[in-house]
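Based on the sequences and whatever the hints tell you, model everything.
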Amino acid sequence: MRLYGAMLRVLPRDLRERHGRQMAMLFADLRAEARSAGFARSVALWMAEVAGLVRFGMRARWRRFAGRNRLRASGSGSGPGWGHDLYWAWRNVRARGGRAVLIVGLLAIALAANTLVFAVADSMLFRKLPFSETERLVGFVGQNAKPDTPAGMMVAAALLDEWRRQIDIFEGVETYLTKTMFLSDGGAHETVAVADVTPGMMSLLGVKPRWGRPLEVEDASYTDAGVVLIAESLARTRFGAPEAAVGQTLSSTAGPLVVVGVMPEHFRFPAQHQRIWRALDPRGPLTANFGGTWAIARLREGVTMESAAAAVAQRSAAVGEAAGRRTPYAVTVAPHGLGLVRPGDSRLYWLLLGAAMCLLAIACANVTSVETAGAMARARTSAVQLALGASRSTLARVTLLEGAMLFGLAAAGAVVTAYGGMQLMTAKLLPAALRGRTANPFDLDQRALGFMVLAAAAAWLLTMTPIVLRTYRVDLLGLLKLEDRSSAASAGGARLRRALTLIEVALAVLLATSALLWARSYGTLLGADKGFESRNIASITYTLPPEFYDTVQEKRALERILLEKLAAMPGVTAVAAGSPPTGGLERYGDVRVLVDDRPAAAEGISLGLRHVDADYFSVLGIPLLRGRMFSPTEPPTNAIVSEAFARRYWGHADPLGRTFRQSDSHQVTTVIGVAGDLRIRPPDMQGVPPPSLDVYFARQPPPPPQPQRPGGRRNTGGWGSVSVMARFDSPERVKQARQIAVAIEPRFEVAVGLVDDQYAEQFSQVLLVTRIVGAFGMLALLVAMLGLYGVLALLVTARRREIGIRMALGAGRADIRRLVVSSSFRLVRAGAALGAAGAVAVARASASLLYGVKAADPVALGIVMLIAVVTALLATWRPAEQAAAIDPSTLLRS
Amino acid sequence: MGVTRDGPGLRIYTVSRYKSAVQPKPLSPQVFQILLSLTDAPRHGYAIIADVRERTGGAIQLTASTLYDALARLLDESWLKEVDAPADAPDRDERRRYYHLTAAGRRALENETSRLEWMLSTARGKLQPAGRGRRGR
Chain Y
1 MRLYGAMLRV LPRDLRERHG RQMAMLFADL RAEARSAGFA RSVALWMAEV
51 AGLVRFGMRA RWRRFAGRNR LRASGSGSGP GWGHDLYWAW RNVRARGGRA
101 VLIVGLLAIA LAANTLVFAV ADSMLFRKLP FSETERLVGF VGQNAKPDTP
151 AGMMVAAALL DEWRRQIDIF EGVETYLTKT MFLSDGGAHE TVAVADVTPG
201 MMSLLGVKPR WGRPLEVEDA SYTDAGVVLI AESLARTRFG APEAAVGQTL
251 SSTAGPLVVV GVMPEHFRFP AQHQRIWRAL DPRGPLTANF GGTWAIARLR
301 EGVTMESAAA AVAQRSAAVG EAAGRRTPYA VTVAPHGLGL VRPGDSRLYW
351 LLLGAAMCLL AIACANVTSV ETAGAMARAR TSAVQLALGA SRSTLARVTL
401 LEGAMLFGLA AAGAVVTAYG GMQLMTAKLL PAALRGRTAN PFDLDQRALG
451 FMVLAAAAAW LLTMTPIVLR TYRVDLLGLL KLEDRSSAAS AGGARLRRAL
501 TLIEVALAVL LATSALLWAR SYGTLLGADK GFESRNIASI TYTLPPEFYD
551 TVQEKRALER ILLEKLAAMP GVTAVAAGSP PTGGLERYGD VRVLVDDRPA
601 AAEGISLGLR HVDADYFSVL GIPLLRGRMF SPTEPPTNAI VSEAFARRYW
651 GHADPLGRTF RQSDSHQVTT VIGVAGDLRI RPPDMQGVPP PSLDVYFARQ
701 PPPPPQPQRP GGRRNTGGWG SVSVMARFDS PERVKQARQI AVAIEPRFEV
751 AVGLVDDQYA EQFSQVLLVT RIVGAFGMLA LLVAMLGLYG VLALLVTARR
801 REIGIRMALG AGRADIRRLV VSSSFRLVRA GAALGAAGAV AVARASASLL
851 YGVKAADPVA LGIVMLIAVV TALLATWRPA EQAAAIDPST LLRS
Chain P
1001 MGVTRDGPGL RIYTVSRYKS AVQPKPLSPQ VFQILLSLTD APRHGYAIIA
1051 DVRERTGGAI QLTASTLYDA LARLLDESWL KEVDAPADAP DRDERRRYYH
1101 LTAAGRRALE NETSRLEWML STARGKLQPA GRGRRGR
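Note that the protein sequences, when read in sequence, are chains Y and P. Per this note's numbering, the very first residue in the first sequence carries number 1; after that it's consecutive. Per this note's numbering, the very first residue in the second sequence carries number 1001; after that it's consecutive.
Since the hints were derived computationally from the structure, they do not count as laboratory data. In this text, all values refer to a predicted model and were calculated from it rather than measured experimentally. Heads up, some of the hints might be wrong.
[Claimed, not checked] No more than 20 Å apart at the CA atoms, straight line, and that leaves these computed lysine to any residue pairs for SDA-like: (1) P:LYS1081 x Y:ALA313; (2) P:LYS1081 x Y:SER132; (3) Y:LYS555 x Y:ILE744; (4) Y:LYS565 x Y:THR543; (5) Y:LYS208 x Y:SER132; (6) P:LYS1081 x Y:ARG738; (7) Y:LYS555 x Y:ILE740; (8) Y:LYS565 x Y:ARG738; (9) Y:LYS208 x Y:GLU218.
In structure tokens form, the structure reads like this:
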């Protein structure tokens, strides 16, 4: 019966008190009766009773709510109900006028900021990938790879077959390649990102096309046309409607593409931007020029990650042998790198969320402060209402409702703001490098909106609690007796407001200091010595489809024309063929080097292989430290190595004439020179970028042209590029260079950009945080200034009488100004000290994300203190003038 | 609402505004039966349920919540009032509260009965061949 007693709680309290005991007794009788009739009757009784109770409770409450409103409408009610309260709350909100607009605007911005940051963090961190049972999706990774290397290695077709045979570990192994393709539409070409996927990929991921059919095994075997699934957005722009796209053909530079299905809009794989998924045969022509395909496997149900990793590690040597590999094969599996968050990232997004929360807290503190002032001003009204018989709970309820209205309006505003902000964020603020890291879309989904509603509700409670408490404690007699309203305000309200302002100042200083630290960190990153003269160097890179530029001769011809035209352009000081140091590495990750034919070192390294001409060094300003430059007829077995490479393998011994080879190659390379180090990787904590290990080979003349393969499809899906570096006398020349490049080859995409910009792109995360925290910091300072101003204005109003007396007793205007300013500075000093301490603590915690700045950075702290003082002066100026303008004679006479 | 020539419903149903004031809605079968079981003597909850079940042959089964949902409303409308256990009640139980039909409750029950009769008569007139139905009466 205790259970029944608990269930009775669904009834309103008075009904429960009136009928509860009777109902319990009655139910006991009915239950005894049902029990004797059998188990089924008992169950039926309980079910009927639960349903009946819920209905009873809801109906009783509804009758009460509706009844109150009816009473009010007819004007005969004695106790006003919710409708009445709502009416008053709305009137009070409207009476706030401009202040309400300010409050709503401020809250809307703070809420929108929180929502946006949450949406991005959610997409990156919290939300599961939109595939089924992602925890069973794994990728291959080298056995000696660093712990945070994203899993997902390339596997050759023979290896893929072998892994697919390990059916006790894997439910399936599928592979993909990412490419770019030109869709031709009459004369224009549209670039579209494509993923070539083995037909089983979609079912491995647990997704299906919404229209049409999935890819089938035969689809991969067609050679004269590609069979594709396309994204809903592409289907809409090309064919009007997704269902109309099925069965249609897209024409592309890679031949016709037959659309068999359309993927739903939210589907992303393997990154954000792929719009076409083409059936791939791992042994077919689409994999030509690729070392293999990227593999994803799904673990068999019941197989744990640990046991799979151990089993794969144990079998990999045998698998490699069975697949006919000549070099050792040592891999294991790890959670797949799709959307896997790197350790630094999660701290980054928590930091951003924290910053957004700070902003919301400041906004709340400000609203509480402003509202407290409003409640003070209305205290007499409240007192009269109390005297006329309104209950305290009614007043509190109206106050809460007012808050709910303000926050509701703010939340509505925040949705609009966040929607606009999301467009801006995805288009401008969010660096492309970050966007590619998750397969989740960036959008304002229910989760983000739910988060916003929660944040708004929490902020509402937090903000309104002090005000409601004050309303409850209104001293009726004291208030009615009061002559001077301002004395009422000078009591607890002022103390609360001062405390709130202190918090605002502290949080604003915290945000501003953090923003400055990040900005300085970004500055350190950009200003670091890169080992070459990067100023005003631009790279011009064509991306060329193989249908048009298949042979080396064709590409070299284009390169030659481009070099000639650029060299002739005014303002160009030097040109050279080759890709920029910041990109275009030809080999990276887990390479082992055998020096002088000693066994390879145990650890793999990242190696930058570059094929360049001799003038590449002079154009980039890379110094040749020892040995000689390439001669025009340099054999491909000679190389110039970077200083770090030489020191790593030969220490202080002379590296010239020494030899080395990569463990998976038989070609022995001889060192003929040592070049200065390139430092293009992110710096370490001290702001010093580590040198990269580079090997330069001389570019070889193109091989003699080979006869065209008859009949075969030329399209291999492989992409060529032609890259040229140029040094300009000013960065404005880049636009001209682009025009020249486009004029030479107008059909295809050309990327023109300053090397410095490309270098900066690596630090887009730091830039993102700097921008976001910086914007929050500025907003926070502004809000804190408003808060400070409000408190000081109140202080001056409250102390008018005192000031008048002081002046009558001989205090000068300067003394009065000093009085106001000193009370302002007491507040700011305490707030700034608190904020600075917080900023240092936060910087300590996020030290691994900050480069080259100390947590207690004196420059950043100094600047922020200066800003705080200026802000305080701005906020203090008008109240101080007002105080000084008080005329004691008129004041004391009144 | 049109005018009916004869039938006991005339008094209420000719003026629709008056209708809504006197009897807002047709009574639910449950409420009708509850009122009915209180016509002869005050009863407590379990007795009402037992009486309704017996009279309707189990067609209307009330549970504690459905009964009190109705009782609470009927008490609000002053159609019922709570009374102490009458001395002459057959299964007198001091702990239980008894419910007594007020004059307003009785009037509401009579109105509902009239309404049902009127409904019944109009339905009979329509369903049975003309003349025979009248002769039957």
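Evaluation of the provided hints:
| no. | hint | verdict |
| --- | --- | --- |
| 1 | P:LYS1081 x Y:ALA313 | 83 Å, violated |
| 2 | P:LYS1081 x Y:SER132 | 62 Å, violated |
| 3 | Y:LYS555 x Y:ILE744 | 13 Å, holds |
| 4 | Y:LYS565 x Y:THR543 | 19 Å, holds |
| 5 | Y:LYS208 x Y:SER132 | 11 Å, holds |
| 6 | P:LYS1081 x Y:ARG738 | 93 Å, violated |
| 7 | Y:LYS555 x Y:ILE740 | 17 Å, holds |
| 8 | Y:LYS565 x Y:ARG738 | 11 Å, holds |
| 9 | Y:LYS208 x Y:GLU218 | 18 Å, holds |
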